[in-house]
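Given chain A, work out where chain B should sit, using these hints.
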Amino acid sequence: MTGLLRLLRLPSVRNALLLRGFLVWVGIRVAALRVRIADPNFLQSAWILGAVALIVFLDARRREEDVFLANLGVPGGAIAIAGLPIPLLLETVL
Amino acid sequence: MTASRPILEADGLGKSFGREAVLKSASFTATLGRITTLMGRNGAGKTTMLRIAVGRLRPDYGRVVYRGAYVPRPSLAKMARAGLMYIAQRSALTPLLSLRAHLEAFARVYDGQERLAEAVEELRLAECMDRRPGALSGGEKQRGSLALAAIRCPECLLMDEPFAGVAPLDRPTIARGLQRLKERGTAVVITGHDVDDLFAVSDEVIWVTAGTTHWLGHPGQAALHDQFRREYLGPRGAGGYLRRDHGRRSDGGSI
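Order-wise, the sequence lines are chains A and B. For the first sequence, position 46 matches number 46 in this note's numbering, and the numbering has no gaps at all. Position in the second sequence (first residue = 1) + 94 = this note's numbering.
Simulated from the structure, these hints should not be mistaken for laboratory data. It is possible that part of the hints are untrue.
[Said to hold, decoys possible] Label-pair distances were calculated between CB atoms; the ranges are: (1) B:D224 <-> A:G50: 30 to 40 Å; (2) A:L5 <-> B:Y164: 22 to 32 Å; (3) A:L94 <-> B:R99: 28 to 38 Å; (4) B:S169 <-> A:R14: 16 to 26 Å; (5) B:R161 <-> A:G50: 43 to 53 Å; (6) B:W309 <-> A:G50: 40 to 50 Å; (7) A:P11 <-> B:G228: 17 to 27 Å; (8) B:A258 <-> A:R62: 15 to 25 Å; (9) A:P11 <-> B:Q273: 52 to 62 Å; (10) A:G50 <-> B:G112: 28 to 38 Å; (11) A:R36 <-> B:A261: 49 to 59 Å.
[Claimed, not checked] Cβ-to-Cβ under 8 Å is the rule here; a few derived chain A residues that face chain B: (12) G3; (13) R6; (14) R34; (15) R36; (16) A70; (17) N71; (18) L72; (19) V74; (20) P75.
[Said to hold, decoys possible] Chain A residues, not near chain B, derived (Cβ > 12 Å throughout): (21) L17; (22) A31; (23) Q44; (24) V67; (25) I79; (26) V93.
Keep in mind it's a predicted model, so treat the numbers as computed, not measured. Think of the CB as a built atom: it goes at the ideal place given N, C-alpha and C, for glycine as much as any other residue.
Same shape as in the complex, but just chain A (with noise of 0.2 Å):
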């Protein structure tokens, strides 16, 4: 919880992952049309935001930034989950 706190007292950082994590949702739903699956059921919503989550925090650490924010205390987890907000709203509304 402190780790995540620590993000977001960081706008930058949070903001660029807010933005990756929407980028990753909407590949991610491009490529769930291609093989027919429009309108994801709750487990498929489930997987799409875990798929999410992980490429998020991958991302960041073949960038290297996970390096830069654990010296800050900022754990892999955080990362992950800072990708989420934006999906996992427009996973609930769509």
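Quick look at chain B alone, frame taken from chain A:
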């Protein structure tokens, strides 16, 4: 050898990548107010040891003890909240932010506003504050990373190859930055090949070779170690380093 208890102990580390055993019972310690240098050839396992100590890699065996407590699954974020900082081989910076944003983030989280201005001046960063890491030279990135450490004032700093890719003009600044941290009581562990620069700042040298580690003592003692001279220092041997080492003898006295 200091009587101070180490703040970080990485003990008996073993790690293989595929069939290749890079580390076989390698160890190092970090002691408050001292700079410890891990030296060894490329591929000896220096970076691997640091990465294991901060949880970036899982060892096959071995243990990490931080602040006197065994850490079963090291995590950099958790250890950072307990006073540790890690600067990876390229830098501690992210392409996302300008250097100014990096320093301000650290100052905000670690209450280091006063230290920020001092760090910028000491590490000569005023000219590059608004640039992102992609537009910084190797030396600027290392100075920027050290500035983060100066603001953070960690109890323990692990920095991988602080002098790598750094122009000669920047090396004294990096060295001063490391010594400043040591003077403030930080336990510093660094790695590298730049013998002159590393010997000039180190309090003790650990030689990483054949998957294991050998504690060689003070740089003056290391420079006189037969096997280390033969297999790592090369023809230059001991003489050059002893003279440059401010005339210190291996027993700590003056020449």
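Checked hints:
1. B:D224 <-> A:G50: 30 to 40 Å: For D224 (chain B) and G50 (chain A) the Cβ distance comes to about 38 Å; the hint holds.
2. A:L5 <-> B:Y164: 22 to 32 Å: holds (28 Å)
3. A:L94 <-> B:R99: 28 to 38 Å: Given a distance of about 58 Å, which is not inside 28 to 38 Å, the answer is violated.
4. B:S169 <-> A:R14: 16 to 26 Å: Since the Cβ atoms of S169 (chain B) and R14 (chain A) sit about 21 Å apart, the hinted range of 16 to 26 Å holds.
5. B:R161 <-> A:G50: 43 to 53 Å: Since R161 (chain B) and G50 (chain A) have Cβ atoms about 35 Å apart, the given range 43 to 53 Å is violated.
6. B:W309 <-> A:G50: 40 to 50 Å: holds (47 Å)
7. A:P11 <-> B:G228: 17 to 27 Å: holds (21 Å)
8. B:A258 <-> A:R62: 15 to 25 Å: holds (21 Å)
9. A:P11 <-> B:Q273: 52 to 62 Å: violated (35 Å)
10. A:G50 <-> B:G112: 28 to 38 Å: holds (30 Å)
11. A:R36 <-> B:A261: 49 to 59 Å: For R36 (chain A) and A261 (chain B) the Cβ distance comes to about 58 Å; the hint holds.
12. G3: holds (6 Å)
13. R6: holds (6 Å)
14. R34: This hint is violated: R34 (chain A) lies away from chain B, its Cβ roughly 31 Å from the closest one there, beyond 8 Å.
15. R36: violated (36 Å)
16. A70: holds (4 Å)
17. N71: OK, holds: N71 (chain A) within 8 Å of chain B, min 5 Å.
18. L72: holds (5 Å)
19. V74: Holds, because the Cβ-Cβ distance from V74 (chain A) to chain B comes to roughly 6 Å (cut-off 8 Å).
20. P75: holds (4 Å)
21. L17: violated (9 Å)
22. A31: Holds: least Cβ distance 26 Å, greater than 12 Å.
23. Q44: Correct as stated: the minimum Cβ-Cβ distance to chain B is 31 Å, above 12 Å.
24. V67: Not fine: 5 Å to the nearest Cβ puts V67 (chain A) too close to chain B.
25. I79: violated (10 Å)
26. V93: Nearest chain B Cβ is 28 Å from V93 (chain A), so the label holds.
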